[in-house]
Amino acid sequence: MNVRGQLNQEQIAWRAAQDIEDGQYVNLGIGFPEKVAAYTVKGREPIFHTENGVLGFGRAPAKGEEDWDLINAGKKAITLKPGAAFFDHATSFAMIRGGHLDVAILGALQVASNGDLANWRVGSKGVPAVGGAMDLVNGAKRVAVLTDHVARDGAPKLVERCTFPLTGVGCVTRIYTSLAVIDVDIPAARFVLREKLPHLSMDDLQFVTGAKLHVEGEVGNLEVPELS
Amino acid sequence: MNVRGQLNQEQIAWRAAQDIEDGQYVNLGIGFPEKVAAYTVKGREPIFHTENGVLGFGRAPAKGEEDWDLINAGKKAITLKPGAAFFDHATSFAMIRGGHLDVAILGALQVASNGDLANWRVGSKGVPAVGGAMDLVNGAKRVAVLTDHVARDGAPKLVERCTFPLTGVGCVTRIYTSLAVIDVDIPAARFVLREKLPHLSMDDLQFVTGAKLHVEGEVGNLEVPELS
Amino acid sequence: MNKHYASAAEAVADICDGATVMIGGFGGSGAPIELIHALIDAGPKHLTVVNNNAGNGHVGLAAMIEQGMVDKLICSFPKSKDPTAFSERYLAGRIELELAPQGTLAERIRAGGAGIPAFYTPTAYGTELGEGKPVAEFDGRPYLQERWLKADYALIKAELGDPYGNLTYRLAARNFSPLMAMAAGQTIAQVGRLVDAGGIEPEAVVTPGIFVNRLVEIADPAQEEVLNQAEARYP
Amino acid sequence: MNKHYASAAEAVADICDGATVMIGGFGGSGAPIELIHALIDAGPKHLTVVNNNAGNGHVGLAAMIEQGMVDKLICSFPKSKDPTAFSERYLAGRIELELAPQGTLAERIRAGGAGIPAFYTPTAYGTELGEGKPVAEFDGRPYLQERWLKADYALIKAELGDPYGNLTYRLAARNFSPLMAMAAGQTIAQVGRLVDAGGIEPEAVVTPGIFVNRLVEIADPAQEEVLNQAEARYP
Numbered sequence: 001m002n003v004r005g006q007l008n009q010e011q012i013a014w015r016a017a018q019d020i021e022d023g024q025y026v027n028l029g030i031g032f033p034e035k036v037a038a039y040t041v042k043g044r045e046p047i048f049h050t051e052n053g054v055l056g057f058g059r060a061p062a063k064g065e066e067d068w069d070l071i072n073a074g075k076k077a078i079t080l081k082p083g084a085a086f087f088d089h090a091t092s093f094a095m096i097r098g099g100h101l102d103v104a105i106l107g108a109l110q111v112a113s114n115g116d117l118a119n120w121r122v123g124s125k126g127v128p129a130v131g132g133a134m135d136l137v138n139g140a141k142r143v144a145v146l147t148d149h150v151a152r153d154g155a156p157k158l159v160e161r162c163t164f165p166l167t168g169v170g171c172v173t174r175i176y177t178s179l180a181v182i183d184v185d186i187p188a189a190r191f192v193l194r195e196k197l198p199h200l201s202m203d204d205l206q207f208v209t210g211a212k213l214h215v216e217g218e219v220g221n222l223e224v225p226e227l228s
Numbered sequence: 001m002n003v004r005g006q007l008n009q010e011q012i013a014w015r016a017a018q019d020i021e022d023g024q025y026v027n028l029g030i031g032f033p034e035k036v037a038a039y040t041v042k043g044r045e046p047i048f049h050t051e052n053g054v055l056g057f058g059r060a061p062a063k064g065e066e067d068w069d070l071i072n073a074g075k076k077a078i079t080l081k082p083g084a085a086f087f088d089h090a091t092s093f094a095m096i097r098g099g100h101l102d103v104a105i106l107g108a109l110q111v112a113s114n115g116d117l118a119n120w121r122v123g124s125k126g127v128p129a130v131g132g133a134m135d136l137v138n139g140a141k142r143v144a145v146l147t148d149h150v151a152r153d154g155a156p157k158l159v160e161r162c163t164f165p166l167t168g169v170g171c172v173t174r175i176y177t178s179l180a181v182i183d184v185d186i187p188a189a190r191f192v193l194r195e196k197l198p199h200l201s202m203d204d205l206q207f208v209t210g211a212k213l214h215v216e217g218e219v220g221n222l223e224v225p226e227l228s
Numbered sequence: 001m002n003k004h005y006a007s008a009a010e011a012v013a014d015i016c017d018g019a020t021v022m023i024g025g026f027g028g029s030g031a032p033i034e035l036i037h038a039l040i041d042a043g044p045k046h047l048t049v050v051n052n053n054a055g056n057g058h059v060g061l062a063a064m065i066e067q068g069m070v071d072k073l074i075c076s077f078p079k080s081k082d083p084t085a086f087s088e089r090y091l092a093g094r095i096e097l098e099l100a101p102q103g104t105l106a107e108r109i110r111a112g113g114a115g116i117p118a119f120y121t122p123t124a125y126g127t128e129l130g131e132g133k134p135v136a137e138f139d140g141r142p143y144l145q146e147r148w149l150k151a152d153y154a155l156i157k158a159e160l161g162d163p164y165g166n167l168t169y170r171l172a173a174r175n176f177s178p179l180m181a182m183a184a185g186q187t188i189a190q191v192g193r194l195v196d197a198g199g200i201e202p203e204a205v206v207t208p209g210i211f212v213n214r215l216v217e218i219a220d221p222a223q224e225e226v227l228n229q230a231e232a233r234y235p
Numbered sequence: 001m002n003k004h005y006a007s008a009a010e011a012v013a014d015i016c017d018g019a020t021v022m023i024g025g026f027g028g029s030g031a032p033i034e035l036i037h038a039l040i041d042a043g044p045k046h047l048t049v050v051n052n053n054a055g056n057g058h059v060g061l062a063a064m065i066e067q068g069m070v071d072k073l074i075c076s077f078p079k080s081k082d083p084t085a086f087s088e089r090y091l092a093g094r095i096e097l098e099l100a101p102q103g104t105l106a107e108r109i110r111a112g113g114a115g116i117p118a119f120y121t122p123t124a125y126g127t128e129l130g131e132g133k134p135v136a137e138f139d140g141r142p143y144l145q146e147r148w149l150k151a152d153y154a155l156i157k158a159e160l161g162d163p164y165g166n167l168t169y170r171l172a173a174r175n176f177s178p179l180m181a182m183a184a185g186q187t188i189a190q191v192g193r194l195v196d197a198g199g200i201e202p203e204a205v206v207t208p209g210i211f212v213n214r215l216v217e218i219a220d221p222a223q224e225e226v227l228n229q230a231e232a233r234y235p
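Chains as they are written, first to last, in the numbering used here: chain W, 1 to 228; chain D, 1 to 228; chain P, 1 to 235; chain C, 1 to 235.
Calculated directly from the structure, the hints in this document are not laboratory data. It cannot be assumed that every hint is accurate.
Stated by the list, open to error - Listed below are the simulated EDC-like cross-link pairs for lysine to aspartate or glutamate, each with C-alpha atoms no more than 20 Å apart in a straight line:
#, chain 1, residue 1, chain 2, residue 2
1, D, LYS125, P, GLU98
2, C, LYS150, D, GLU66
3, D, LYS81, C, GLU96
4, P, LYS81, D, GLU34
5, P, LYS150, C, ASP82
6, W, LYS125, C, GLU131
7, W, LYS125, C, GLU128
8, D, LYS141, P, ASP139
9, D, LYS81, C, ASP82
10, P, LYS150, W, ASP102
11, C, LYS81, W, GLU34
12, W, LYS125, C, GLU88
13, W, LYS75, C, GLU201
14, D, LYS125, P, GLU96
15, P, LYS133, C, ASP196
16, W, LYS42, W, GLU223
17, W, LYS141, P, ASP82
18, D, LYS125, P, ASP82
19, W, LYS63, C, GLU231
20, D, LYS81, C, GLU203
21, D, LYS125, P, GLU88
22, P, LYS81, D, GLU66
23, W, LYS76, C, GLU231
24, W, LYS141, C, GLU131
25, W, LYS81, P, GLU201
26, W, LYS125, C, GLU231
27, W, LYS81, P, GLU88
28, D, LYS125, P, GLU128
29, D, LYS76, P, ASP82
30, P, LYS150, C, GLU137
31, C, LYS133, P, GLU137
32, W, LYS125, C, GLU98
33, D, LYS212, D, ASP185
34, C, LYS150, P, GLU137
35, D, LYS75, P, GLU231
Starting from the given sequences, assemble the full structure and let the hints guide the process.
In structure tokens:
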């Protein structure tokens with residue numbers, strides 16, 4: 001797919017960051033979702049949690065300054081902010097499973113209109129690895145997904161029913177894509193379009209979406225600064 | 001009952017202390033069992049645990065030196081030994097329930113020959129209170145009981161089946177009484193006499209015991225120093 | 001982010017009738033006396049209280065019970081040196097008691113905080129406290145199923161607190177407080193000293209701030225035991 | 001009481017064929033490299049290993065796997081920058097994998113240490129990792145039943161240790177180690193510095209000594225990540 005003005009990963013991350021409120025406890029998935037931290041809205045201070053037992057970490061250290069006892073769930077070196085805390089893995093997942101995290105933001109292979117998420121393996125081949133994703137989607141108060149709107153092969157990633165192995169059932173409530181912001185109405189099993197790229201027609205957007213996009217009230221313009 | 005040479009509480013505690021090995025982790029029940037600590041065998045260093053989250057405490061402080069944030073499960077002020085540790089209640093009972101305590105020593109209203117213990121309430125009247133006893137009897141590697149051989153009204157406390165509400169089933173393996181040391185063969189549901197007061201006849205001992213006392217090999221002399 | 005409240009009164013002001021309130025402490029060790037007394041001043045009724053005990057004398061939890069604020073108590077050991085506040089009401093049928101073994105009580109609270117709706121324990125199997133609970137056998141041994149315990153509020157006492165809500169505890173005053181902090185919708189901590197962010201070493205934090213919502217600084221807090229020796233009463 | 005062993009070799013000497021061994025660490029953070037290498041020198045076979053990962057490069061757990069010591073791995077994320085030690089054996093069907101969600105893995109280990117034979121979690125419900133597990137509904141939501149996890153040995157890395165076995169950890173190197181210390185029959189800790197009794201403040205103890213059986217002092221321990229950047233191999 002080659003849509004004009006389609007958001008890049010930085011821009012999708014920027015848009016997701018706008019919905020994080022001051023003081024919220026946030027877990028960002030490994031890779032793409034980690035970019036969200038860089039776009040924290042000025043004046044807001046979310047506290048970032050990582051599965052391996054850290055609350056309140058900050059940016060990556062300068063090269064050569066890494067302390068390999070101080071890493072995040074992606075095994076990347078991090079730094080601490082004042083007021084940080086360490087804790088063991090059982091406590092870390094008590095935070096997750098016990099509903100103490102306000103927001104978890106993850107990547108996706110597929111998201112279904114019933115809120116099901118598939119993001120941990122494509123099929124039954126290779127070495128499976130799940131990490132903390134299944135805990136996060138069942139525990140955080142709000143589970144959001146960042147993703148390109150369609151897969152590299154053009155297949156829709158927003159679907160009626162996931163065909164890849166599930167990470168969790170009925171868990172995702174908001175999807176930030178390269179084309180749109182979409183809420184998931186889990187009880188009614190439907191996607192509700194909230195924002196789309198201004199110049200993109202509803203028909204074109206629906207065409208690259210694997211399940212019906214419902215509209216409730218006004219659809220906003222997905223407007224994001226230039227970022228790369 | 002008035003048996004000549006019958007052990008007092010200090011002497012029963014002394015006898016129980018002889019079976020505590022160096023380095024063992026020990027929980028002593030509130031009241032009478034607490035006396036065991038005073039008779040620790042020279043050269044051995046058991047580590048005492050209390051339910052409210054302390055390992056490695058020592059004697060009571062001098063009067064006027066109490067710090068009421070530093071108490072034991074009986075709410076009495078304690079002091080710390082070097083190498084002590086504090087922890088929360090979930091961790092404290094993980095130690096108990098998880099089989100990490102070597103010995104728990106409790107008082108008893110009744111102990112049955114199947115190892116059942118009743119020690120938390122007499123009947124259904126009054127205010128019930130259980131504390132940590134039910135966890136201790138189900139968790140410690142070895143559960144022992146200290147008790148007068150018979151109740152104040154002369155009724156046997158060592159019985160075939162407890163009539164008071166149970167604290168735990170099949171849990172007590174050794175009983176230190178004012179007259180004898182008795183093991184409980186839980187699988188066979190029988191008391192096995194190990195030691196008795198030297199001058200006390202088997203018949204007399206059996207007469208004040210509510211279940212048959214079996215003998216396997218030699219019965220030792222229960223010999224204890226003068227203590228009061 | 002700053003979770004600091006100016007007074008105990010403000011911190012407990014929204015606790016209303018019918019709430020479930022966990023109160024930290026084991027006897028007087030760790031009992032958040034000033035928060036409890038502020039709650040007595042506020043005066044909500046029909047509370048369910050979770051505490052290891054049932055108060056002692058006529059201050060703290062005992063005083064709450066005497067004020068008729070507590071409909072139900074969930075605890076392991078409702079006895080103390082001076083237990084009349086609870087025992088008179090209990091024996092008169094004016095307060096409900098749910099008695100739980102101490103380790104089961106602690107684990108149920110932790111489970112509430114950790115998102116574990118139920119777990120199995122050997123404790124209380126075959127006793128009257130286990131009656132009516134589901135039994136399952138694992139590896140040939142019978143266990144009882146126990147449910148999580150959650151609360152609307154937790155009132156706890158800590159030693160140091162920072163603006164993020166990170167806490168440390170003094171000596172054995174830790175006991176139930178770290179668990180209750182996890183299990184309540186709103187956790188309110190009175191701290192002996194409020195320090196700046198960074199004033200608690202990250203490795204020394206006992207309760208991470210994510211479990212704490214409100215902080216009140218109470219320097220030189222009262223000790224229940226000392227109040228009782230002085231035969232204090234509240235209000 | 002002194003749990004001190006003179007060398008890593010002595011501390012791991014009795015770990016024999018077929019043992020279940022938990023190994024602390026998350027990736028290289030907290031990985032007890034010196035204990036693992038001593039175990040490689042000892043060379044027991046047919047081990048079941050519990051770790052969050054499956055090793056990285058050719059040192060530590062990856063080297064153990066390359067030596068053919070591990071029959072089965074229980075972990076949440078058997079991928080790393082250089083995962084060939086595990087992945088080649090796994091894809092060739094020469095090592096068994098039990099994959100568990102990370103929080104479930106942690107809680108199963110804690111449950112093993114806490115005497116909780118089984119618990120319920122929402123995690124993995126409705127997924128292939130939940131297949132075959134008992135399901136129960138609580139308050140209208142479905143949960144999976146998960147079983148405790150125990151081990152014969154735990155190998156962990158701590159910062160300070162005292163003769164009683166009390167431990168503290170450095171930064172985020174804590175992760176699984178306090179849980180594994182609880183869940184093993186024999187817990188063996190390598191500590192950066194062995195201090196006298198009283199050298200760790202009682203309030204600062206993270207793992208109380210009751211959970212630790214053996215201590216080895218390893219000053220300046222190796223970091224898996226640093227070894228891998230230097231393309232190290234063991235032996």
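Quick one, are C:LYS150 and P:GLU137 close enough, alpha carbons at most 20 Å? holds, 18 Å
Just to be careful, I want the Cα atoms of P:LYS150 and C:GLU137 compared with a cutoff of 20 Å; is the pair within it? Holds, at about 18 Å.
Would you mind confirming whether the straight-line C-alpha gap from W:LYS76 to C:GLU231 stays at or under 20 Å? holds, 18 Å
Are the Cα positions of W:LYS125 and C:GLU231 separated by 20 Å at most? Measuring from Cα to Cα gives roughly 29 Å; hence the hint is violated.
Are the Cα atoms of D:LYS125 and P:GLU96 separated by 20 Å or less? holds, 15 Å
D:LYS125 and P:GLU98: Cα distance at most 20 Å? Holds, at roughly 15 Å.
Holds or violated: P:LYS81 with D:GLU34, Cα cutoff 20 Å? Within the cut-off at roughly 18 Å; holds.
Mind checking the alpha carbons of D:LYS81 and C:GLU96 for me, to see if they're no more than 20 Å apart? violated, 47 Å
Agreement of D:LYS76 and P:ASP82 with the hint, judged by alpha carbon distance not exceeding 20 Å: holds, 15 Å
Within 20 Å, alpha carbon to alpha carbon, are D:LYS81 and C:ASP82? violated, 48 Å
Just to be careful, I want the Cα atoms of P:LYS133 and C:ASP196 compared with a cutoff of 20 Å; is the pair within it? Violated - the C-alpha atoms of C:ASP196 and P:LYS133 are around 47 Å apart, more than 20 Å.
Could you grab the alpha-carbon distance between P:LYS81 and D:GLU66 and see if it respects the 20 Å cut-off? With a Cα-Cα distance of about 17 Å, the restraint between P:LYS81 and D:GLU66 holds, given a limit of 20 Å.
Of the numbered hints given earlier, the model fails hints 2, 3, 5, 9, 13, 15, 17, 24, 26, 27; all others are met.
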